[in-house]
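Undergrad: As a plain string of letters, each chain reads:
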Amino acid sequence: MVAAIATIPKTQKAQITSKFGLETELTEIPVPEPKDDELLVHLLYSGVCHSDVTVMKNNPPIPTPLSLPNVAGHEGAGIVVKIGKEVTGFEEGERVGVAVAKWGTFQEYITVSALHAHKIPDGVDLAKAAPTQCAGLTVYRALKETNTRPGQFVAINGAAGGLGSFGLQLAKAMGLRAIAIDFGQAKQDHCLRQGAEFFIDAQNQNVVEEMLKVTNGCGPHGVINVAPAAKPLEDALLYVRKTGTIVIVGLPTDGKFSVDTNLMVFKGITIKGTLLGSREDMAEVLQFLARGLIDIPIEIMGLSELPDAFKRLDNCQVKGRIVLDTSK
Amino acid sequence: MVSDTITIPKTQKAQLTCKFGLETELTEIPVPEPKDDELLLHLLYSGVCHSDVSIMKNAIPMPMPLTLPFAAGHEGAGIVVKIGKEVTGFKEGDRVGVTVVNRSCQTCEYCKRTGAEAFCDTPTHLTTGKWGTFQEYITVSALYAHKIPDGVDLAKAAPTQCAGWTIYRALKETNTRPGQFVAINGAGGGLGSFGLQFAKAMGLRAIAIDFGQAKHDHCLRQGAEFFIDAQTQNVVEEMLKVTNGCGPHGVINVAPSAKPLEDALLYVRKTGTIVIIGLPDDAKFTLDTNLMVFKGVTIKGNLLGSREDLDEVLQFMARGLIDIPIEIMGLSELPNAIKRLDNCQVNGRIVLDTSK
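First to last, the sequence lines map onto chains A and G. In this text, residue positions in the first sequence follow the UniProt record's numbering: the first is 1, and each later residue adds one. In this text, residue positions in the second sequence follow the UniProt record's numbering: the first is 1, and each later residue adds one.
In case anyone wonders, no lab produced these hints; they're calculated from the structure. What you are looking at is a predicted structure, and each value in this text was computed from that prediction instead of being measured. Glycine included, every Cβ here is placed at the ideal spot set by N, Cα and C. Among the clues, some could well be false.
What the hints assert, rightly or not - Here are a few chain A residues that face chain G, going by a calculated C-beta distance under 10 angstroms: (1) K57; (2) P60; (3) G123; (4) V124; (5) G255; (6) F266; (7) K272.
To be verified - Below, in silico cross-link-like pairs of lysine-lysine (PhoX-like), each with a Cα-Cα straight-line distance of 20 angstroms or less: (8) A/K256 - G/K259; (9) G/K295 - A/K144; (10) G/K57 - G/K270; (11) A/K256 - G/K295; (12) A/K144 - G/K57; (13) G/K356 - G/K13.
Said to hold, decoys possible - A partial selection of chain A residues facing chain G, derived with a Cβ cut-off under 7 angstroms: (14) T253; (15) K256; (16) F257; (17) T261.
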C-alpha cells in the first residue's frame, strides 16, 4: 500500500555515540539527502544487537571501527520517503529493511544504497522485520554454512538470544533437529518454545557429556556459536560429529581459543567464520517470515530507552530481540 | 602381465618396533594367510612417511589403540600372490598398492557416504590394527587393494598410497579453482612434493614454504611458482607480496608443526580455506574467532581420502603428470631413513626395497 506523499522534516532524533562506551545522547540532527543511487528511508523500527555493544565499546576492535561521533545500530525497517535520481524499482511508501549502513539505525531517517534496501513482503510486521536484517540473516547463513541436511542435528551455543532464537526457528523450518545450549531455567523454557528439540544448561550440566547423550553418542553434525564467548568452541571440538562443521558467528571480547590440530585431522572437522549473508539469503529469510514460519518474540522499547536496552544486553539478560520504536 | 606360478615362503623379514622410539629390529616372522575376502601381497616397495616417525615414538594420539610390538609403514606396492576364496576381480601377479586403510566396516554412516570412508567407526588401519608395510608380505581386504595402472613404476606407486592420496584430497578440500593461489607449508617433503606437482596438474598456482636453499631448488623443480624460506623471510609479508596483497585462496599445512597455522590465518585470503593434514607432536595452536569471522576463513582437518581419490591419483601418474623424486634404500636401512626424516632432511620420498 503506497502512503500519501510523506512530509520529510528537516531534523530528526538520533542516539549519538561520541566516545567508545555504552553512553549515547539523544540529539536533534539534520535529516540527510539521498545520493542519486540511494533511498531516504523513514526508519520506524531498529533492532538492538549484542554486536552493537561490541561496536560501541570497540571491544574487540573491528576492522573498520566506528568513526566518532556516530550512530550505531544496524537492523532497521521503515518506509521509503525519497528516491535518488538513478534509482529504479522503488516507490515512495514502500516498506524496506536496511542492514549495516554508514550511520546506523538508532535514528529516524537514514540513506541507503538502493542495492541494500530489502523489500519487506506484504503482511509482515515491520517491527518483526527489523531484526531479520542482521540477526535473522546472519544465523540463516550460518545454518547453511554448517552443510547439514534435514534430519541432522545442529547445536546452537547461545540459543536464547536474538540470533539464537531465529536460529532455532529457522532450524525447524529447515528440517534440522536443534539442540540449544544456554544458561538457566528461563532460557530453557524459551528455547523449547522456539523449537529446540533438546536444551543443555551450560551452567550446571557437562555440555560435552549431555551433547553426546542426546545425539546417540556421535555428536551433532553442525554447531553454531552465536554466544559472545570463545571457550565453548573447545567443547564443540570434542562433541561435534566426525566430518562435522562448526560455524563461528559470535564476536567475543576475547576471541582466542585453543585448537588441537590432530583432533581436527582425525575427526575431519571444519571450522569456519561467517559474517552476515548475501542479498539472496536476505530475500529467503523474508520469505520464511512472510510464510509465517518464523516469528521470534520481540520486546518493543523507545529509541529514548536505548541505554537501558544496552545494559540488559551487556548482561545477557535478553531473550529474543529488543526492537526500538523510533517515534518514542 | 601375469607371472609364473608364485612361490610363497613360510617366513619373511619385517622391521619391528619393540619399544617406542626410533629403533627397529629386523626380524624373521611368519607370512600371514589371507582371509576369504582378502589378498596376500608380496610387498616389493614401502614408502617411509614422517607420521611413521611419530607413530614409532607414540607421539600422536591415534584413532585406534597402538600395541607393541608392531611393524610401522603404511604406503606399499607389490604383487598379488594369493587370493581369498570370496574375492573376485583379481589375478595372481596383479600389481596393487596398499594404504593405511586395510579394511573398513562398510556399514557405518561414514562408509555409506561417498568420500568419507577414512572416518569409518571400526576400521582396520595399518600399524594399529595390523602390522604395516615395513615387511615383505601383507594381507589386505580386496576392497582396499588398489590396482596400479600398467606402465607405472611400482617403486613410485608406493608413496601415492598415503602421501599422494592425502595431499590430493587436501587440494580438493581447499575448494580452489584453476588460476587461484594455493600455499603449501612444508612443500619440500613427500606430501609437499606431490602437492606441488598435483597443484600444477590441477591448474593451481602453488606457493611453496619450507627451509633453505636446497628445498628452494627442489620446490621450484617440482612446479612451485614461488618459494618462501620460512627460516630467513617473514612468511606473512612475502606471501602477501606474491599474491598481489590479497593472500592465497587456499593453504595446506603438511609440515609436522602447528604454529605456521597462526601465520596462515593472517595471510590467507578473505573467504579462503586452510586445510590441515600434518600431524605434529605438539598440535596446539591458538585461533582468534574474530579474525575468522571478519575474514570468513574456513579451517578443516582432513585424513587420507576416498578410494575414488586414489584412482584419480594413479591416473595422473599413469599419464606421466606426477613423478616425484624418490630415493630407494633397503628395508634393512630403515633406521637411517627414520633418522633423516626425524630431522626433516628428506626431499621427496624415501622408498624401501623390501628385498634389500
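Undergrad: Would you mind marking each hint as holding or not holding in the structure?
TA: Results for each hint:
no.	hint	result
1	K57	violated (14 angstroms)
2	P60	holds (5 angstroms)
3	G123	violated (34 angstroms)
4	V124	violated (28 angstroms)
5	G255	holds (4 angstroms)
6	F266	holds (5 angstroms)
7	K272	holds (4 angstroms)
8	A/K256 - G/K259	holds (15 angstroms)
9	G/K295 - A/K144	holds (18 angstroms)
10	G/K57 - G/K270	violated (38 angstroms)
11	A/K256 - G/K295	holds (15 angstroms)
12	A/K144 - G/K57	violated (42 angstroms)
13	G/K356 - G/K13	holds (10 angstroms)
14	T253	violated (9 angstroms)
15	K256	holds (5 angstroms)
16	F257	holds (6 angstroms)
17	T261	holds (4 angstroms)
Of the numbered hints given earlier, the model fails hints 1, 3, 4, 10, 12 and 14; all others are met.
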